[in-house]
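For the sequence shown, the UniProt record's numbering begins at 1 and goes up steadily by one.
It should be emphasised that the hints constitute simulated quantities derived from the structure, not laboratory data.
Among the hints, erroneous ones may be present.
Pair by pair, the computed Cβ-Cβ distance ranges are [what the hints assert, rightly or not]:
#	residue 1	residue 2	range
1	E228	V3	36 to 42 Å
2	K222	P622	30 to 36 Å
3	K453	R379	37 to 43 Å
4	L426	K59	36 to 42 Å
5	R640	P504	29 to 35 Å
6	A512	A463	37 to 43 Å
7	E190	S120	54 to 60 Å
8	E202	P622	40 to 46 Å
9	T37	E139	55 to 61 Å
10	E190	E139	24 to 30 Å
11	E228	K366	56 to 62 Å
Keep in mind it's a predicted model, so treat the numbers as computed, not measured.
All residues carry an ideal CB built from backbone N, CA and C; glycine is no exception.
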Amino acid sequence: MKVYPTEAIRNVVLVGHGSVGKTSLAEAALYESGAITRLGSVQDQNTVTDYDDDEHRRKFSLNLALAPLEWEGRKINIIDTPGYADFVTEVICGAHAADLAVVVVDAVAGPEVGTDRVWSIAEKLGLPRLIVINRMDRENANFAHVLAALQQRWGHRVMPLQLPIGAHDSFRGVVDLLHMKGYVNEQADEVDVPDELREEAERLRAQLIEGIVETDEELMTKYFADEELSEDELRRVLHGGLDHNLIFPVVCVSATKLIGVRQLLHTIAFSGPSPADRDPIEAGGIKVTADPSAPPVALVFKTAADPFVGRLSYLRVFSGRVTADSHLWNANRQADERLGTLYMQRGKEQVPVQEIVAGDIGVVAKLAHTGTGDTLGSRERPVTLPPMQFPAPVFSMAVRPVGKAAVDKLGPSLQRMVEEDPGLRLDRDPATGELILSGLGDAHLEVTVERLKRKFNVEVELALPRVPYRETVTKKASAEYTHKKQTGGHGQYGRVLLEVEPLPRGSGIRFAERVVGGAVPKEFIPAVEKGVMETAAGGIIAGYELTDCQVTLVDGKHHPVDSNEMSFKLAASQALKEAVQGAGPILLEPIMLIRVYVPDEFAGDIVGDLNTKRARIHGINPDGGMSVIEAEVPLAEVQRYASDLRSLTQGRGVFELTFDHYGEVPANIAQRVISEHKKALEEAHAH
1 MKVYPTEAIR NVVLVGHGSV GKTSLAEAAL YESGAITRLG SVQDQNTVTD YDDDEHRRKF
61 SLNLALAPLE WEGRKINIID TPGYADFVTE VICGAHAADL AVVVVDAVAG PEVGTDRVWS
121 IAEKLGLPRL IVINRMDREN ANFAHVLAAL QQRWGHRVMP LQLPIGAHDS FRGVVDLLHM
181 KGYVNEQADE VDVPDELREE AERLRAQLIE GIVETDEELM TKYFADEELS EDELRRVLHG
241 GLDHNLIFPV VCVSATKLIG VRQLLHTIAF SGPSPADRDP IEAGGIKVTA DPSAPPVALV
301 FKTAADPFVG RLSYLRVFSG RVTADSHLWN ANRQADERLG TLYMQRGKEQ VPVQEIVAGD
361 IGVVAKLAHT GTGDTLGSRE RPVTLPPMQF PAPVFSMAVR PVGKAAVDKL GPSLQRMVEE
421 DPGLRLDRDP ATGELILSGL GDAHLEVTVE RLKRKFNVEV ELALPRVPYR ETVTKKASAE
481 YTHKKQTGGH GQYGRVLLEV EPLPRGSGIR FAERVVGGAV PKEFIPAVEK GVMETAAGGI
541 IAGYELTDCQ VTLVDGKHHP VDSNEMSFKL AASQALKEAV QGAGPILLEP IMLIRVYVPD
601 EFAGDIVGDL NTKRARIHGI NPDGGMSVIE AEVPLAEVQR YASDLRSLTQ GRGVFELTFD
661 HYGEVPANIA QRVISEHKKA LEEAHAH
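Given the sequences, and given the hints that come with them, work out the whole structure.
Okay, structure coming up:
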């Protein structure tokens, strides 16, 4: 593929709800443009953009994929993205590389939850939007119904550019409302507007022209003076209106029947914005424009691990040009990167290219320091593009290796997965020692685990993380313990009297001593403290860390020959256990602050559900059709909340969870936790 000038490039991200035919549309576009000679299908597992084994197994997209093609003297870089909520980070990555979002909507279902989600991503990035009503060949497909639903959601800026000819089995083409001609069959043969559609077409055309001229004063003056408006003038202004989000045009297709696909490509090529049409990006006082002669500025919008080529970095060049076998400066990491071969990527296929110009997209392998979201540029004029923002992970599971072989490889392999996927996070819980993998939902983590096995041959199992409970005391108590062991020669002897008393929440554990008269010699007091701290860390009633109390060494006794550090350490450990048992021990649990964002109609159900989870509701605040519910809730009750919320709100709710404080566990639940701990100990001893 030749190098195209910036003005002739179109970067398009396909977005939408799951299973609306985005991958089929990318495949149809590649086929119609001649980029591929055989039309694949998702069912047959042979499409260009769904090439991953996990995608074949699940029959839906999990990763963004590139599909560049040539159409009427333009290069169109199609970025196919997943529709499933758990993989929304791929949509965000793709949107950062695009100049136009093609929002794909099902001709039967209309706008759905995922449509709202991708619309708000495009809105946040100021990305122009073109709406494609796909699957017009489906039974019960209804263009008028879907158009009305779109206009109800996003207002009068949603305007049809086309009218379908037929529907269901009889869908055979589209009427172009600007050109007032019909285009039928796969070849898009030009025909007159069918008689039965003429009246409707005239009405919609009048509305469209009105909508277009509203965005341009010069054209509006001509329109009101009843002067003839040429199709070229209308298309020019439509291009500007689309670019500045004044118009959201609507077209219709059947990707699998290849009807309307050529007209869609024509609309993207001639009405869609080029990189040169977009506003400059402000970056640290520097205006970055799509000028091929400027110093290079490129964003790494995705990182992927290829089993044959190694780590791949997907680049969108925003300014200048990037050439093979050159050096660029990573402004985020303050590091020099040597670029080897550059590729144009189509699905999993890589075609070497010499350069990538401003506005174009390509791939480079084996960068040493660069991750997703980093900016590459010249060392003389370092630029850092605004950071990519991803949703915080909300679903966490403990990762445990299966078998000895996985233990050593687990950490590094998981780290590679986290580098590849900005929606993942990896932590070690200091309280429980577990390795915690967090993502955007259960399917997200399942796919990660499958990839771990396939790419790195590391087998793991996922389990709900242990809740990091704490233990504390509610009253003052003391206990004395004597450790005595007589053997031949030196024995062991140490006696301590410890006092335990509660401290305010968040104080941790403190050790003090008020021994008089050398009852415990100074050199043994550190051993007493060590015995106390080690035992407190391992827990006393349920195996969880003891906290928020003061332990004081009050008295003791030593033997001039038999006393040693070990004797006092062991005596302190036993004395602490006995003192805590008499000091009204209780369990504490992490209490989280939860913020749930849901459409107003679900607010009541969410509050009702949170009440069953021992939550304390702080308030419900309206926010433009959405309700924001704030509450305190125990972590133990919301470990699977991502799944609960999805089923309660048909996937329309999102939430944030942050640690707030530790609170007392109700007696009945504490009893269950203590019993489980005892049972686990018994099983461990039995083995």
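Going through the hints against the structure:
1. Distance hint for E228 and V3: a CB-CB separation of about 40 Å, consistent with the stated range 36 to 42 Å.
2. Look at K222 against P622: about 44 Å separates their beta carbons, and that is not inside 30 to 36 Å.
3. For K453 and R379, the hinted distance range of 37 to 43 Å is satisfied, since their beta carbons lie about 41 Å from each other.
4. For the hinted restraint 36 to 42 Å between L426 and K59, the CB-CB distance of approximately 29 Å leaves it violated.
5. The beta-carbon spacing between R640 and P504, approximately 32 Å, falls within the hinted interval of 29 to 35 Å.
6. Between A512 and A463 the Cβ separation comes to about 40 Å, which falls inside the hinted range of 37 to 43 Å.
7. Separation of E190 from S120 is about 38 Å and departs from the stated range, judged on CB atoms against 54 to 60 Å.
8. Between E202 and P622, the C-beta spacing of about 42 Å keeps the proposed range 40 to 46 Å intact.
9. Look at T37 against E139: about 31 Å separates their beta carbons, and that is not inside 55 to 61 Å.
10. A C-beta distance of roughly 28 Å is found between E190 and E139, which places it inside the suggested range of 24 to 30 Å.
11. For E228 and K366, the hinted distance range of 56 to 62 Å is satisfied, since their beta carbons lie about 59 Å from each other.
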